[in-house]
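K.L.:
Build the full structure now, drawing on both the sequences and the hints.
With the sequence shown counted from 1, adding 320 to any position gets you this note's numbering.
No lab work stands behind these hints: they were computed from the structure.
Computed from a predicted structure; not experimentally measured.
Note that beta-carbon positions come from the ideal geometry of N, C-alpha and C, so glycine has one too.
Mixed in with the good hints, there may be bad ones.
[Unchecked claim] Derived pair list, reagent style DSSO-like, types lysine-lysine, alpha-carbon separation capped at 30 Å:
| hint | residue 1 | residue 2 |
| --- | --- | --- |
| 1 | K885 | K1224 |
| 2 | K1077 | K1095 |
| 3 | K1117 | K1081 |
| 4 | K1058 | K1170 |
| 5 | K920 | K1315 |
| 6 | K978 | K453 |
| 7 | K978 | K1027 |
| 8 | K460 | K1170 |
| 9 | K745 | K559 |
| 10 | K605 | K722 |
| 11 | K615 | K707 |
| 12 | K707 | K605 |
| 13 | K616 | K605 |
| 14 | K953 | K1095 |
| 15 | K1147 | K419 |
[Unchecked claim] Taking CB as the label site, the calculated pair distances span:
| hint | residue 1 | residue 2 | range |
| --- | --- | --- | --- |
| 16 | I462 | L844 | 24 to 34 Å |
| 17 | K715 | Q736 | 43 to 53 Å |
| 18 | E1160 | P840 | 26 to 36 Å |
| 19 | L599 | Q702 | 27 to 37 Å |
| 20 | S724 | E1160 | 42 to 52 Å |
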Amino acid sequence: MAFVKDMLRMWAHSWKRFISIAMITLLGVAVLTGIYAGCRDAFRSTDRFFDAQGLHDVQVLSTAGLSNGDIAALRKVNGVAKVQAERSQEVTFDLDGRKSATMQEIGTNGIDQPYLQEGRMPKKAGEIAVTRKFIRDSGKHIGSRLTVTPESASSDTSDTSDTNGADGTNETNGTDEAPSFPTKLTIVGVVLDPQNLSNPDGYSAMTSFRSTATTDYTFFAPSDGVTGTLYTSATLLVKGAAAESTFDESYENTVKQVTDRIDGTVKTDRQKARRQELLDAGNKKIVDARAEADKKFADAQSQIDANRQQFNQQVDQIVSMQAGAAAAGAATNGANAGAAAAAGATTPQLDETTRETMRETIIAASPELTQAKQQLDQAQSQLNEQKASTEHTLKTKENELKTSIPQVRWYVQDRQSLGGFSALKSDLDSIQSLGNAFPIVFLLVAVMMSLTAMARMVEEDRSLIGTYVGLGYGRLAVASRYLLFALLACLIGGGLGLIAGFLGIPAFLLVVLQGMYVMPGLRLEYDWLYGSLGIALFVVGVLAATIYACVQEMRQTPAALMRPKAPRAGSRILLERIRPVWNRIGFLGKVTARNIFRFKSRLIMTVGGVAGCTALIVCGLAINDTVADLGIKQYRDIYQYDLMVVSDDSDASAMRTKVASDGRVTSSLDVRIESGDLTVAGSGDGDSGKAGSSGSESIQLVAVPEKHLSDLGEMVTLQPVSSGILGTSGVGKTGSLKLDDDGVIVAQSAASALGVKAGSKVRLTNGDGVQATAKVSAVNRNLIGSDVYVSETYYAKLFDSKDAKNTKNSKSSEDSEALTWNAMLAKLSGSDTSQTDYAESLEEDSSVMKAVSCAHMADSFKFDLMGAVVALIVALAGGLALVVLFTLANTNVSERVREMATLKVLGFFDREVHHYVNREMMILTVMGVILGLPLGRLVGGMLTMALNMPSLYFEVEVKPLSYVIAAVATMAFALLVQLFVNPVLDRIDPISSLKSVE
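P.N.:
Written as structure tokens, this is what we have:
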């Protein structure tokens, strides 16, 4: 009992050490669990939401639409749980200029169901549900009416003999018809599209813009009122996928098995079958057209024949009359009256030659008959020409049918192809990677501080330990006094850390996340396994340090332990050997130098602890500086143009005329901008970037006119980059990179995420969904967005653009009809404010789809999520620095109580004692800061370079002010600790402190 009472008394006396260990453990566990828990809560809530709304696991698209046969084939694939055929249609409407939207049918099989936020779901024809983004932009509300115009209306009214439209989804045969939606709409609900969780008021809405291949909004309509049996896509749910977390590798493997089966057999067979359907439909149209033409020609020929027969009868009648009259006259002049009577009674028989001669004579003598014959001959000639022309046309269509109908292509995609899904996943993965790295530093610092504190605690009880061991107490029993002390401190600190880690930090992160993404049903959850392992990790580290300190002392005999520890043997430090310097140092300076460098463990612990905390602060500030400079570097350095204007293809000419007439442009470059994808398939041959690399990135495909390739360098800074050590990159000379016809130039942001380098082969998808394998000629410095630059000629080579093969030899790139230059990069005159105002005014023009001012983007770019995490890291690092300095200062004082008492006996005033002790701590702190600043730059650079996020590349930047802030903050913490240490020095009693321990 006395042993226990003494142990509790000892614990109460060492409360400062207890708080120090508990606080370090609290901070470490909070960092270890907090960021992880916040990301995990977001992952889990999003996964639950996706499962509840039935977000598709696989989506199948086709360039020629999908038929019922395609849907039936997909249902038969092993591993497919559900298949939903979906119909959609692109429409336009007037909303402060021409806007586009996708009319999406709400599936009836429970897949991709929109989440109702307000109002009710549409049920009747003409009712729609819209997104909150549309409500915000349009100012409309539930009950508002809207009239839309189908974009394909003009193509749908084309001649029926045209069997090949520009868009395969508009092609129809006898049974398949393109989807058609009602055009007079009423808003009845506001919904969240499960395929896009972006917050319309968040970061992504501010910085993104739409290209020609996407629509501005999505409208959800019921099946009622939707016509057409040709489907735009098919969405699938995979068996067993819902049981896996959509963000885990196990989910990806489950889905990949099904996509591989579709790609392996169904895809090829149905592509051929669908093309044959289109060929059969085309042939049927030709056959029907020939039959209809033959019927019309036969009717016309019958009419002409009837008219000609009537004409011939009329002429023959005249011929007969004239022949009879001639015969009667001849009989009258004869002598035989009986013969005359017989001749008059019968019509004379004429031979064919005579009859034909008389016909021609009669027709020639009559203008009316001549005109009638000419009309009959002309009608017959025209009919013959029409028959020959029609037959030639049908023959030509028969010959051209196979070449005019392109090969049908299927695109099998998973959730990774959804921009909102991949952006959320990448954001959370990157933040989680920071959460996995920083606790390592906290753990190392915790072990160092625990070793320092517990070693001093054990050393203070040296004689008591010897007494207990001499009295027969086991070494384990004696050591348990300190082990239980450290364990209790870790458990209390860890418990508080779990509260902060699973409640405080996640709540903070999720507030920021909800500003970027809409995540219904978000809730905080506790992970017993991870939380227990987090505490256990720190418990093991601290107990290991405590065991080491106990073993170091208890390996001596009880007699040796009960005697005072022998003073450290005197020795010279390196500075003493530098006589010119040493001789000029005062007495107290020499004492300070000896105290600092003679006690190596104290030096290492203090400098190492301070350096670690300073490095954490610098690391956080480095990430903040890197993110803060992204917008300025991209929009003022890399992008040299001031304005980007994008229009629809049909409005491209009007857009250029509008911009030119305003007189604000000093120079410009017409380009074509499409949204697409860049894909790298995993391989080990080195042709696809890194061996085994894989992935897909949404890109902005920029095609440049052949005659203006050299002008691209005036609008965009072209600098080649190459991979360096530890994820760093080397930047080449400005202007040393040129766009040519041998490959594409890929943005650094996309190349870094996918492991692409110069010479790699990648898969490009253009705005029409056509895929092609392209060579990467170079990687260009780019921080925001994933631009891929391609020449007009190479674009034509990749995507088989008609009439574009010879553009290199054409007089002007504008003369070619291969590509429509739907965008303009322009340099403007005037201030940044006037440029921003001009871009806003352009967006009000009906011919402009989007106008982006680089000045506005540079000023408004921000990354709230990363800024919040950086602020959290800096705050925790500052707290750790304060605890470390407090622990080291108190340990330093406890080790030197007799020394401080001696100084007081010698006549030192309290202020002089303060200065004597605090000067050593300040010098050690300065040494730690000097070591921590470059260490923080190194660690910050490695962590920043490891953050692979969609359309973002973090070019490490640490401003001088950040170094100053980190140094000043650490020094301020050291000064703050002095306020707690000075009263301890004042309370030292010289008499009791100098008593002999024996």
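K.L.:
Each hint should be assessed against the structure and marked as holding or not.
P.N.:
Tested hints:
{"no.": "1", "hint": "K885 to K1224", "in the structure": "holds, 23 Å"}
{"no.": "2", "hint": "K1077 to K1095", "in the structure": "holds, 10 Å"}
{"no.": "3", "hint": "K1117 to K1081", "in the structure": "holds, 15 Å"}
{"no.": "4", "hint": "K1058 to K1170", "in the structure": "holds, 28 Å"}
{"no.": "5", "hint": "K920 to K1315", "in the structure": "holds, 28 Å"}
{"no.": "6", "hint": "K978 to K453", "in the structure": "holds, 28 Å"}
{"no.": "7", "hint": "K978 to K1027", "in the structure": "holds, 23 Å"}
{"no.": "8", "hint": "K460 to K1170", "in the structure": "holds, 21 Å"}
{"no.": "9", "hint": "K745 to K559", "in the structure": "holds, 22 Å"}
{"no.": "10", "hint": "K605 to K722", "in the structure": "holds, 14 Å"}
{"no.": "11", "hint": "K615 to K707", "in the structure": "holds, 11 Å"}
{"no.": "12", "hint": "K707 to K605", "in the structure": "holds, 18 Å"}
{"no.": "13", "hint": "K616 to K605", "in the structure": "holds, 16 Å"}
{"no.": "14", "hint": "K953 to K1095", "in the structure": "holds, 27 Å"}
{"no.": "15", "hint": "K1147 to K419", "in the structure": "holds, 26 Å"}
{"no.": "16", "hint": "I462 to L844: 24 to 34 Å", "in the structure": "holds, 32 Å"}
{"no.": "17", "hint": "K715 to Q736: 43 to 53 Å", "in the structure": "holds, 48 Å"}
{"no.": "18", "hint": "E1160 to P840: 26 to 36 Å", "in the structure": "holds, 33 Å"}
{"no.": "19", "hint": "L599 to Q702: 27 to 37 Å", "in the structure": "holds, 33 Å"}
{"no.": "20", "hint": "S724 to E1160: 42 to 52 Å", "in the structure": "holds, 45 Å"}
Violation of the numbered hints given earlier is absent; every hint is satisfied by the structure.
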